[in-house]
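Read top to bottom, the protein sequences are chains A and B.
Under our numbering, the first residue of the first sequence is numbered 1, with each subsequent residue one higher.
Under our numbering, the first residue of the second sequence is numbered 1, with each subsequent residue one higher.
Hints in this document: simulated from the structure, not taken from any laboratory.
Predicted model, so just to flag it, every value in this text is computed and none were measured.
Backbone N, C-alpha and C define an ideal beta-carbon position, used for all residues, glycine too.
Please note: incorrect hints may appear among the correct ones.
Unchecked claim - Which residues of chain A face chain B? A partial, calculated answer using Cβ under 8 angstroms:
id, residue
1, Arg9
2, Phe56
3, Gly58
4, Arg59
5, Thr60
6, Ser64
7, Thr68
8, Pro90
9, Gly92
10, Phe130
11, Trp146
12, Ile181
13, Lys182
14, Gly197
In case you want the letters, here they are:
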Amino acid sequence: MDLIAGGVRHALGLLVGGDPEVWAILWLSLQVSGTATLAALALGVPLGVALALARFPGRTILVSAVNTGMGLPPVVVGLFVSLLLWRSGPLGGLEILYTPLAIVLAQAVIASPIVTGITLAAVQSVPEAFRLQLLGLGASRRQMVWVVLREARLPMLAAVMAGFGGVISEIGASMMVGGNIKGQTRTLTTAMVLETGRGNFEVAIALSLLLLVLVFAVNWALTTIQQRRSG
Amino acid sequence: MHRVLVPLLLLAVALPAGRAAAAGSTVVILSTTTSTQDSGLLDVLVPMFEKKTGYTVKTIAVGTGQALALAARGEADVTLAHAPAQEKRYVADGKLLNRRLVMSNDFVLAGPGDDPAGIRGERSAVAAFRKIAAAGARFVSRGDRSGTHGRELALWREAGITPSGPWYIESGQGMGATLGIADDRHAYTLSDRATLLAFGRRVRLPILVEGDRALLNIYSVMEVNPANGPRVNAAGGKAFADFMVSPETQAVIGRFGADRYGQPLFVPIAGKKDEDL
Chain A
1 MDLIAGGVRH ALGLLVGGDP EVWAILWLSL QVSGTATLAA LALGVPLGVA
51 LALARFPGRT ILVSAVNTGM GLPPVVVGLF VSLLLWRSGP LGGLEILYTP
101 LAIVLAQAVI ASPIVTGITL AAVQSVPEAF RLQLLGLGAS RRQMVWVVLR
151 EARLPMLAAV MAGFGGVISE IGASMMVGGN IKGQTRTLTT AMVLETGRGN
201 FEVAIALSLL LLVLVFAVNW ALTTIQQRRS G
Chain B
1 MHRVLVPLLL LAVALPAGRA AAAGSTVVIL STTTSTQDSG LLDVLVPMFE
51 KKTGYTVKTI AVGTGQALAL AARGEADVTL AHAPAQEKRY VADGKLLNRR
101 LVMSNDFVLA GPGDDPAGIR GERSAVAAFR KIAAAGARFV SRGDRSGTHG
151 RELALWREAG ITPSGPWYIE SGQGMGATLG IADDRHAYTL SDRATLLAFG
201 RRVRLPILVE GDRALLNIYS VMEVNPANGP RVNAAGGKAF ADFMVSPETQ
251 AVIGRFGADR YGQPLFVPIA GKKDEDL
């Protein structure tokens, strides 16, 4: 028990004391996972809408693939992104392995199916009769999609939360493509693994509390928007 | 939606892309074993090197097997490892160049205080391994092709034993996690002294066998052959290797850890040969 209490005290000390290294790690985690979520939205929302509204042969297979991708193991993504970005790999010339950009890329791959899948479900939850009615009233297809997205905005915010929550807490991909380099690619989760390996359990506990506070703060902000809009 | 998107966009813009696209020739990738990072030694040495030379070091701390494999593929520029037999094979194949000794410390055989196999005070590590196997006492192996795992397997080979059975547990994890499992399962394990010292507060595993020459743990630095792959930074790799064996660095290594553990964690040995030790 004294270890956990020590960890909590340590966390407060790190936050209040404004330890620059911890703040830098926190900020990097937020930037990397925020950017990855944004990229996943840019890719996943149009794809989710298209899959929800279009009817074509093989659609069921594609939807199943997206649903499988929602549970894509980060360590698998980490391995394949590493192989691509290796000096000897097809994208080696970019020289972005072991940089924050590489983590953004891997996390975007992890988050995209999550955003796509939830968007797909959100758009499909808007009754088809409503869509037909819009078209019947003379709306263009683009206008119809826009109105449907507005109707589905509450579950869409859930997509943002699920995507962000998934990537900020993942470890396998960040470790493999980022390399946990001090001052460059060390994120909250990889720092936690390192400190546990070093036997610095108080620091590891402190970092895990910071991660929880960060995820809570982001979700709280998004939920506030979600609930206000729905009222 | 844009109340959500705007802050996220701002985040994306703030992400310093410049840091990501550092020029290749100023970046040195060091592949190394977890023990050099977990001990905190590299946190001291890497900034010294960067300040002195202007290079930026990317330290990839993995098991020794993987560290050497990455270097042999040209995915790193220099490697710091502690598996002499494996290292010499890579050097013989021409994949790694100019193997130079940097520092040493030692492995110790730790285990439960009541010592069910009765190895306490045994001078020979091989004899102690035989006693553990004969007693069927639990032993936790790293099982991860790390330098420590390699040494453990060499000791079993020398003892003429193929370890298997319910008493032989493979953790597949780093030294810290393995010590935790050994403590929990009331088992023996082979550890480097630095990690055991770092975990002294958390595990109750006294050192039972130490001081045998077979337990010497030697770290060497090797440069990566530029022929191994595209974009190997040979000059940067050599600069880091030279730095590790320079007198100034060796003095820092010889003092490292004394303030925290009451004894230095490594002995500087640059300039010596394997036979001298």
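Original post:
Hint check: is the beta carbon of Thr60 of chain A less than 8 angstroms from a beta carbon of chain B?
Top reply: Nearest chain B Cβ about 29 angstroms off; hint violated.
**OP:** Have a go at the Phe56 of chain A hint: is there a Cβ in chain B nearer than 8 angstroms to its own Cβ?
**Re:** 27 angstroms, violated
**OP:** Mind checking the CB of Trp146 of chain A against every CB in chain B and telling me if the closest is under 8 angstroms?
**Re:** 11 angstroms, violated
Original post:
Close enough to count: is the Cβ of Arg9 of chain A nearer than 8 angstroms to one in chain B?
Top reply: Not OK, violated: Arg9 of chain A not within 8 angstroms of chain B, min 16 angstroms.
**OP:** Have a go at the Arg59 of chain A hint: is there a Cβ in chain B nearer than 8 angstroms to its own Cβ?
**Re:** Interface hint status for Arg59 of chain A: violated (26 angstroms vs cutoff 8 angstroms).
Original post:
With 8 angstroms as the cut and Cβ atoms as the points, is Thr68 of chain A at the interface with chain B?
Top reply: 26 angstroms, violated
Original post:
Was the hint right that Ile181 of chain A lines chain B, CB cutoff 8 angstroms?
Top reply: Holds: closest Cβ of chain B sits about 5 angstroms from Ile181 of chain A, inside 8 angstroms.
**OP:** Verify the interface restraint on Pro90 of chain A: the C-beta must sit less than 8 angstroms from at least one C-beta of chain B.
**Re:** Violated. Min distance 12 angstroms.
Original post:
How about Lys182 of chain A: closest beta carbon in chain B under 8 angstroms, or not?
Top reply: 6 angstroms, holds
Subject >> Hint validity - Phe130 of chain A Cβ closer than 8 angstroms to any chain B Cβ >> reply: Violated. Min distance 19 angstroms.
Original post:
Is the hint on Gly92 of chain A kept, meaning its closest Cβ partner in chain B is under 8 angstroms away?
Top reply: 7 angstroms, holds
Original post:
Once the shortest beta carbon distance from Gly58 of chain A to chain B is found, is it less than 8 angstroms?
Top reply: 30 angstroms, violated
Checked against the numbered hints above, the structure violates hints 1, 2, 3, 4, 5, 6, 7, 8, 10 and 11; every other hint is satisfied.
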